[in-house]
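When you get a sec, could you build the whole thing from the sequences and use the hints?
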Amino acid sequence: MHPRRVVVTGAGVVSPVGCSKETAWAAVRDGRSGIRTITAFDTSGFDVHIAGEVRDFDPLDHLSKREMSRLDRFVQFAVVAADQAITESGLDLEAEDRRRIGAFIGTGIGGLHEIEAQHARLLQSGPHRTSPLMIPKLMTNAAAGQVTMRKGLMGPSMSVSSACASASHAIGEALKCIRYGTADVMVCGGAEAAVTPMGLSGVQQSKALSTRNDDPPAASRPFDLNRDGFVMAEGAAILIIECLEHARQRGAEILVELAGYGASSDAYHVTLPDPEGRGAALAMAHALEDAGLGPQDVDYINAHGTSTPAGDDVEAKAICAVFGDHAHKLAVSSSKSVFGHLLGASGALESAVCVWAMLDDVCPPTINLDDPDPECCGLNFVPHQAQQRRLNAVLCNSFGFGGHNVSLALRKFAG
Amino acid sequence: MAGDTRETVVNLVAERMGVEPDQITDDTHFVNDLQSDSLDMAELVIDLEEQFDLSISDEEAQQIETVGQAIKYIEEKQAK
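The listed protein sequences correspond, in order, to chains A and B.
Residues in the first sequence are numbered from 792 upward in steps of one, following the working numbering.
Residues in the second sequence are numbered from 356 upward in steps of one, following the working numbering.
I should point out that these hints are in silico values taken from the structure, not numbers from a laboratory.
A quick note: this is a predicted structure, and the numbers were derived from the prediction, not measured.
Please note that a few of the clues may not be correct.
[Claimed, not checked] Chain A is faced by these chain B residues, among others (derived, beta-carbon under 7 Å):
| # | residue |
| --- | --- |
| 1 | 373 |
| 2 | 394 |
| 3 | 397 |
| 4 | 398 |
| 5 | 426 |
[Claimed, not checked] Pairs of lysine to aspartate or glutamate, EDC-like flavour, derived with a Cα cap of 20 Å:
| # | chain 1 | residue 1 | chain 2 | residue 2 |
| --- | --- | --- | --- | --- |
| 6 | A | 967 | A | 1036 |
| 7 | A | 856 | B | 388 |
| 8 | A | 942 | A | 858 |
| 9 | A | 856 | B | 402 |
| 10 | A | 856 | B | 398 |
| 11 | A | 856 | B | 392 |
| 12 | A | 856 | B | 375 |
| 13 | A | 1203 | A | 1164 |
| 14 | B | 432 | B | 405 |
| 15 | A | 942 | A | 888 |
| 16 | A | 856 | B | 377 |
| 17 | B | 427 | B | 408 |
| 18 | A | 856 | B | 370 |
[Stated by the list, open to error] According to the in silico footprint, chain B covers these stretches of chain A (three or more CB under 8 Å from chain B):
| # | region |
| --- | --- |
| 19 | 853 to 861 |
| 20 | 918 to 924 |
C-beta: ideal position from N, C-alpha, C; glycine also.
Set out below in structure tokens:
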């Protein structure tokens, strides 16, 4: 066991299924989809008209008008989720040594809203009319930087960008930071706001998105025979993780233990997964080893499960390769079936889901799984309805374009 | 026309800095009263350039410290 154990003491979310733990977890657990027809902009001319948009979020509820104008949407999501997470953790920042608190926040793309707005100005009005705030708003590290400035955190901070594995990498690297002794507390997770004309067009053109426009809540259907791509979503999730001793000393309520982190690369193709799932399997095996868990200890896997034809079966095969016979005993589900794919924020929202799942001993469902794809190995994908099950140890998988794989291991905290 | 310039400038400053127009007077100091930083000032200069269709050099912009100075500067430019 690592000399400095790390626990989760808070989780904050801004998501397509709600901007609080209560609303988001209820929707995920009960399988109420957050996928709708896009309202943020006119999608006529696009092949894709659906997404998981954050709808019940008014930045002015949380930020002054001036602050809002200086933050891209992905950063607005991040600072609000961080505020929630810090509040839940009970951290009294005034009383803490803030040189020992840092922030690692991932994003796949960064400030795409700002990029599009300023690029339009550049083309329309020339190089002297773009905003001086453009670069500080759009840079991928804006979220981490803003959180540290708002909270006075003087520990290490950075962004992590590895496409759809960004948030999980951020959490994993933050775990290492605490274990190594560089920080006692880390604010970590991911944020993404890429449901924009450029973002939607770009992913549409890579042929990765579902075009089930006539039935948005049924569009994200991981492991189903009739899946036709993922559904883009936006939002942020932030976890507060800290050294066990630190949490104990301040009398914090410990939610779960963040026990392990495994990372690997496919070294295969920029968008397609290795057909044998070797990179994914390696990440899961590393996470187990890092957590000191055997395959038989794992009760549930929150899968990457994006609903793409090319990805879900490979992940299922990788699970079989790592877990052997036990793969058919544990439960596997994809919460992306409910809220879509938050890209660089997905691993953080799904880690939060794992925390809530462990607290309630409930495996949230994979909705829309009407006809399980036989290529997906016949695992228990928790179709349609949640399953009650004691959850002592779970894995949370995230894989990104570029062939980046991350698996995080969480364990029920038992002292 | 002078009244229009004043109202337009005050509204731009209020919008940019997130304050109410009635909180702004000629003596309102961008840095001391509105806590503007260099990025706010650069944004504000662009707002004024666009609104009044003029070009403000960096040297000229650095001379503008209060809302009243900004109004006077624009009125003088427009008179030329």
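Hints versus structure:
no.	hint	in the structure
1	373	3 Å, holds
2	394	5 Å, holds
3	397	4 Å, holds
4	398	6 Å, holds
5	426	21 Å, violated
6	967(A) <-> 1036(A)	16 Å, holds
7	856(A) <-> 388(B)	17 Å, holds
8	942(A) <-> 858(A)	14 Å, holds
9	856(A) <-> 402(B)	17 Å, holds
10	856(A) <-> 398(B)	15 Å, holds
11	856(A) <-> 392(B)	16 Å, holds
12	856(A) <-> 375(B)	11 Å, holds
13	1203(A) <-> 1164(A)	32 Å, violated
14	432(B) <-> 405(B)	14 Å, holds
15	942(A) <-> 888(A)	12 Å, holds
16	856(A) <-> 377(B)	16 Å, holds
17	427(B) <-> 408(B)	16 Å, holds
18	856(A) <-> 370(B)	8 Å, holds
19	853 to 861	holds (count 6)
20	918 to 924	holds (count 5)
Comparing the model with each numbered hint stated earlier shows that hints 5 and 13 do not hold.
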